[in-house]
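Chemist: Read off the chains here:
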Amino acid sequence: MNTQLRKGVIEMCILALIERKDMYGYEIVQSIARHTDINEGTVYPILRRLTVDGHFSTYLVESSGGPARKYYRLTAMGVNHLAELKREWFEMTDIVNKILRGE
Amino acid sequence: MTKLEYLKQLEDALKNRMSRKDIDDIIRDYAEYFAEGQRQGKSEFETARGLGTPQEVAEQIVSEGMGNTQSAINAKVKNTWKKVRTSSIWNKVFLVILILALSPFILAGGGLILAALGIVVGALAGVVAALFGALLASFAVAVCGVMGIGLMSPSIVALSLIVAVGMLAGSVLGICLACMSIRSLWRLLKNLLRPRPRYKPINPHIEEESEEE
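Which chain is which? The protein sequence lines are A and B, in order. Numbering of the first sequence is given in this note's numbering, commencing with residue 1 and proceeding in unit increments. Numbering of the second sequence is given in this note's numbering, commencing with residue 104 and proceeding in unit increments.
These are computed hints drawn from the structure, not numbers from a lab. Accuracy of the hints is not assured; some may be wrong.
As the list claims (entries may be wrong) - Partial list, derived from the structure: chain A residues whose beta carbon lies under 10 Å from chain B:
id, residue
1, CYS13
2, ALA16
3, LYS21
4, GLY25
5, ASN39
6, THR42
7, PRO45
8, LEU47
9, TYR59
10, GLY66
11, ALA83
12, TRP89
13, GLY102
As the list claims (entries may be wrong) - Taking lysine-lysine and the DSSO-like style, the derived pairs with C-alpha atoms no more than 30 Å apart in a straight line are:
id, chain 1, residue 1, chain 2, residue 2
14, B, LYS195, A, LYS7
15, B, LYS118, A, LYS21
16, B, LYS118, B, LYS106
17, B, LYS145, B, LYS111
18, B, LYS124, A, LYS70
19, A, LYS7, B, LYS293
20, B, LYS106, A, LYS70
What the hints assert, rightly or not - Selected chain A positions facing chain B (in silico; Cβ < 10 Å):
id, residue
21, GLY65
22, ARG69
23, ARG73
24, THR75
25, ALA76
26, LYS98
Ideal Cβ positions, reconstructed from N, Cα and C, are used throughout, including at glycine.
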């Protein structure tokens, strides 16, 4: 699959997962890796960039037996961005499916 | 490799490419990732292998920060616009030089246009004057005839009335012709002076990484 498209889809999936519940880095990577063959190393940079762009806010939660966990949560801007991405995705797949099924 | 080796190499790969604060943030994130892996029973070597080499990861982080963010795309588009604006400045410079070179011809042509305009305006003025004169003359004659001052015989009165009407008709015709020619001249000038819209293709070129499959 085209790299650019793939990146966009992964970004949307990350946003969607975190919309459901706040998660920390490792949790996010495992959730995605469970369903796709994405390279783990690519997730953190995307998380970071989405945070810098203002789609996430982060907070630290102390945990026993290890360093504090950085939790990611969607900002209002992130919620809007995700809604936009979802709309575009459903529109596009609708059209593509129609074409592939020969309608 | 071990966690400490990994983090050290990652830091080296990022040094001088972003702020100290950003690098510290990133190292903290990956240290958390290793620690979490260990908590889940994964060895440091497994975690390191899953992430890819520190250098690859560093490239990813840097390219995310540059290539694909909306602000980076906006910057690219802004740069494209800058190029367009600069080239249009050069176009203007070229146009100025061209005008200077052709100025004798332009002046001559402009002079002709002005002369034509002058003729039209003069004709119009003359026509208006004739019209007024004719109206006044016919009015005076009519008054004399009505008042029966007997200055002139009825046939002369009739003749002057006919002449007056004829001059009136001629003046009206002249005014119409003058107006038509002025209007077409105006349209011609407007077409020459109207700024033409310039269409330049904008291509924010987004680099595509080569497929690794």
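Chemist: Which hints from the list above does the structure break, by number from lowest to highest?
Modeler: 1, 2, 3, 9, 11, 12, 13, 14, 15, 19, 23, 24, 25 and 26
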